[in-house]
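Colleague: Residue 1 is where the sequence shown starts when you use our numbering, and the numbers rise one by one after that.
Hint data in this document are derived by calculation from the structure and do not stem from the laboratory. Treat the hints with care, since some could be wrong.
[To be verified] The list that follows gives simulated cross-link-like pairs (lysine to aspartate or glutamate, DMTMM-like), each with its CA atoms no further than 25 Å apart: (1) Lys124 with Glu74; (2) Lys322 with Glu164; (3) Lys309 with Glu325; (4) Lys319 with Glu251.
Since this is a predicted model, take the numbers as computed values, not measurements.
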Amino acid sequence: MSARRIPSERAVNRQVELYGNVVGSSVRTPLWIFLAILRRFHEFYNAVNTPWERNFIVAMVDKSLKSLTDKRTEESKAKKQCYVHAKDSEKGEENRNDSSKGKTEKDKQKIEKKCDQMRKVLRKADKEYCELCEKAETARQEWEFNGSAQLQGLDEERLAKMAEHLNQYNCQLSSMGPGFQTSCDRLHESVISVDIQADLRSIAQQRGSQGTPPEQILLDCYAEDLQFTMNAERRKNALQNYLLYLRQSLEREKKGKEGVEKLVGVYRERPNFADQDAQEDAKQRLCQVMFMMNFLEASHFKIASVLAKLECQPKLEHKFAKYIETQRDKQGIPTSVLRLPINIALEGNSGYDVTSVTVGALANQTQSDPYEEPFAEDEFEDYADPHVVGRCRALYDYDASQTDELSIRPGDIINVYDKQMDGWWQGEKNGRVGIFPASYVEEI
1 MSARRIPSER AVNRQVELYG NVVGSSVRTP LWIFLAILRR FHEFYNAVNT PWERNFIVAM
61 VDKSLKSLTD KRTEESKAKK QCYVHAKDSE KGEENRNDSS KGKTEKDKQK IEKKCDQMRK
121 VLRKADKEYC ELCEKAETAR QEWEFNGSAQ LQGLDEERLA KMAEHLNQYN CQLSSMGPGF
181 QTSCDRLHES VISVDIQADL RSIAQQRGSQ GTPPEQILLD CYAEDLQFTM NAERRKNALQ
241 NYLLYLRQSL EREKKGKEGV EKLVGVYRER PNFADQDAQE DAKQRLCQVM FMMNFLEASH
301 FKIASVLAKL ECQPKLEHKF AKYIETQRDK QGIPTSVLRL PINIALEGNS GYDVTSVTVG
361 ALANQTQSDP YEEPFAEDEF EDYADPHVVG RCRALYDYDA SQTDELSIRP GDIINVYDKQ
421 MDGWWQGEKN GRVGIFPASY VEEI
């Protein structure tokens, strides 16, 4: 783009100076005005990196970045809580085993009840951490896609304005007679050769199609880290719980991917079926689904590898393995990052059979502790038996935007479990439990 801009500006200077003695000031003045416009426009876009001039461009990007920062903060807090609860639970289990001798039956029941409560707290913390990891990955994708869209829009606007000013300058020259015919012809060639999309494609080719690999922060759990002390069977059970949760999330994303792929295929075969924006939205959604599947699959592989090592099984292989890096903070808590090249991230077929890995792990599970159970689907909805406090009828459409929300349609009858103070209610519809806005329903 710069190669197209700078020679054009210099050409304007040379032509004005060359014919300055031929034409009067009444003709020269418009040329210098247009030249000044081009220079100011060029200086404006060169100075776009100053905060006060770029606010209108990066407002959306800043909003996405703030969302990403908040989600990462919540993820980090939840991760630390998981580690704290896991340590407490493990210590409680060890104390229960050591202090069971010489205790009355009543004391044993108290200790058992306390251990059971700690296990429930740990399962709840693990579930919240898993959900926050997914939300953080979604926020990262929104920030990355918004930034790319804003930068591309800025360049499209700049090129369009430059083409407009160049055309105005060409019109001025063309009215000055045969003396400028040669200059007009040259400028006309530049005007008609302006192709914004071709310029963008050319830049993409020059810079390469690979781009900077996105940094996806994977799920890390206490039981996965062999540096922390933990009972072997409880460690295996905890890892199996994570694997089951990740498998469920992967299956959900896989179904979503199939739907988006069908939509993209329809748009490809019938371009007139939807406008360009809808087609681009579908392609972007497909990319986001692939990134989410990569995130879940890499987390699943990482945890499954530890479980295979504990059970003395053959080492697992995965094409993502060499792109996973793990570092520790000052407290020793690990952070695993997946950096996949763009071409690999968008392949969509890693060959990793998450179902067989998860099923194999669960088949080897030994029920040595009757209180340890895998994450069942209803456990992730609610840990206590739900109590219906009322019923309501939906008045308006609401589409769930988070995994813990409930989509409703006018006329739907919902069993209400909890009326929260923040304007959201928790309820059940057709076996699905989630939250929904109270202002969208009426009580019956």
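Colleague: Against the 25 Å threshold, does the CA-CA distance of Lys309 and Glu325 hold or violate the hint?
Modeller: Given pair Lys309, Glu325 holds - Cα atoms ~19 Å apart, limit 25 Å.
Colleague: Does the alpha-carbon distance linking Lys319 and Glu251 stay inside the 25 Å limit?
Modeller: holds (20 Å)
Colleague: Take a quick look at whether Lys322 and Glu164 sit within 25 Å of each other, Cα to Cα.
Modeller: violated (49 Å)
Colleague: Taking only the CA atoms, is the gap from Lys124 to Glu74 under or equal to 25 Å?
Modeller: It holds: about 15 Å lies between the C-alpha atoms, which stays within 25 Å.
In this structure, only the earlier hint numbered 2 is contradicted, and the remaining ones agree with it.
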